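One-letter residues, chain by chain:
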Amino acid sequence: MDLVLVNLIDGLVFGLLLFMLSSGLTLIFSMMGVLNFAHASFYMLGAYFGYQISVALGFWMALLIAPVIIGVLGAGVERYGLRRVHQYGHVPELIFTFGLALLIEELVQFIWGRNQMPYSVPEVLNFTAFSISGNFIPAYKIFMIFISIGIFLGLLYILTKTRVGMIIQAALSYPRTVEALGHNVPLIFMGVFGVGTALAGVAGVIAGPVLGTFPGMAFVLGAIVFVTIVIGGLGSLWGALVASLLIGWMTTFAKAYTIRFEDILNFIGVSTPENMDDNLFRDFWSLTSPQIADILPYILMVAILIFRPAGLFGKRTK
Amino acid sequence: MPWLIAAVLLAIMPQIFSNNSALTIMNQMSITIVFALAYNMLLGQGGMLSFGHAVYGGVGGFACMHIMNNSGFFESIPLVILPLFGGLFGMGLALIIGSFSTRSAGTTFAMISLGVGELIAASSLIFVAFFGGEGGISGDRTDALPFFGIEFLQQEQVYYLTAAWVLISAGLMYLWSRTPVGRMANAVRDNPERAEFLGYSARWVRYYSFVASGFFAGVSGGLFAINYEILTEENLNAVSSGIILLVTFLGGVGFFFGPILGAIAFTLLQTVLSLSTELWAFYAGMLFVATVMFFPGGLAGLIMMHLPALRLGKLRLLFIPYLKTLLPAAIGIFGLAALIEMTFHVRHGATGDNEMTLFWTTFDSYSIVPWLVAGAITLVGFGIARVTAPALKDAWNEANTAQRAKS
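Same order as they appear, the protein sequences are chains A and B. Just so you know, we're using this note's numbering here: the first sequence kicks off at 254 and counts up by one. Just so you know, we're using this note's numbering here: the second sequence kicks off at 133 and counts up by one.
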């Protein structure tokens, strides 16, 4: 029972981290109709900038400055890159962000090299917050949870309660009308893109010390973030939240408890074959849940897309 | 007519470049051509952007590898038909995946292709029996039934096998694009709603293209298996899928011959650059982003842009302005590349190793002089290009105007 609680917390941390990325991505998607493949690359840049700034000015300044730089970079990409490619249609836009993701990964390798950065948890937060029957919960995880929840509440407040949020929401559904009312819609788009990438930057700064800061980090998380927003339903903020938490808990629990595939098959009435050596399916029988934990999200996504193509909370299928 | 030229060219190439490394490069080129053409059936002709197409080629290749290792069966067939089996397995996988992924085009299709690609690439490390885990699986192509006495021991024989398959598959894919199904794929790409009103199911049209593309991807996988006699997880993963997208887009998705150009250019670029610099992937990425932003038609688009001028017989008017602009621009690019290489050397070179060799000159990358030289070359090169660009634009307009007003 205690272990369940520990895993719940771990899953929550990972899920909320996913949500910080997927919320920005899903906002950008519902705004421009384009999945930003480079989104996770901004997360990676966040981690690297966070590391570089925290070496010079300390972690807290990094947490403050790095997302701002990332946001400005993101807004620049929208203004000078995406807006230019937009005239060619959706597929070139998607290809553009894909190329950008490649380029950023190479750029990071060019500047910082291929090795992992020694980016570690700040001293202030490097202690044990509490322990559950012998399992220590680091304070940094609690800090991550609070930051993520704070950002989520802030986002929710801005989007639903303030004037700016209202204009953004209106611009998402009826850009022409909002433009006719005298608002600068391209500026709003650029702003939302900037804020979305800045959120990815925050996620990078706070996740860098825990998940490691290395050139492959964008790709590792990037694919899962896309899976998350597809499961949650493209363009749905609540869907992104639910799917993020679902994936966070699912992978954590699959890794924590070893469930053997053989037992499941035996349980549903399939008996273990006698001769394993030349059976083509022998790997099915030796499969355990930690082995497949990382591909569970993909399986879930394929299943969702077959049975409910719009995603859990999605309204649009396109 | 172009087909005849291609066939003759493919036949005499090994006579001109007969050393083994050239043959290896040409084999790689041929495989990439088949794969890129198959990919363009989706991207260019069907409007479907796939991020996991390497999976179909890879699975076809793995299937061929298993056939190679199944000596009883393999000894009874000639090696030349092995890619056909690769194609069938690629098609089989495409039949399954396509049944749900082609329901819609655009972003949803791209996401499903990414997810399925990742899923299969990740499970290739788990299901060791079929995919061989991290080591992959290998075989021996010479076990097959000799084909008119040829056992494919020599690289050159393999080259002719590959070349024949390139011609056959390219021809078939070209013919496919002329069939009603191929034509409808274009219609569905441009306006699915209208195609539906004409009574065609957009989904089925996409499905047919997808399955056909899976078949030819599988053929390319089979050719890969014959050439390298080993397949690993690398043939399936997202990097391979990304590279094929890059190749196809660089070549140009709008024309049938675009991917062929892309495959040739990219393989040459990869071979030449990766020999001379560690940063070749960085340059390839820059080239890719620049292509998407400024020349969405790719290489083929660039060439076809000159067709009107050629028809008017004014192509030679462009020659001098091109020289005036592109030569300085090229020099500027070399200067920029030198700056990048020097930065890289300063940041990542071993300590004490101050000397570096660039463009056949050796110098100390920590002193200021080479930086100034490279910077100056860059500035001057781009500066001249910038000054002469308006003249090029004028010449371009003139070359594309049928009758010039007499002034």
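Hints in this document: simulated from the structure, not taken from any laboratory. Among the hints, a few may not be true.
Said to hold, decoys possible - Computed beta-carbon distance windows for the label pairs:
id, chain 1, residue 1, chain 2, residue 2, range
1, A, 255, B, 265, 34 to 42 Å
2, A, 520, B, 220, 49 to 57 Å
3, A, 340, B, 400, 25 to 33 Å
4, A, 406, B, 525, 47 to 55 Å
5, B, 371, A, 402, 31 to 39 Å
6, A, 520, B, 227, 48 to 56 Å
7, A, 426, B, 371, 32 to 40 Å
Note that this is a predicted model, so its numbers are computed, not measured. Ideal Cβ placement from N, Cα and C applies to all residues, glycine included.
Hints violated by the structure (numbers, ascending) | Hints 2, 6 not satisfied by this model.
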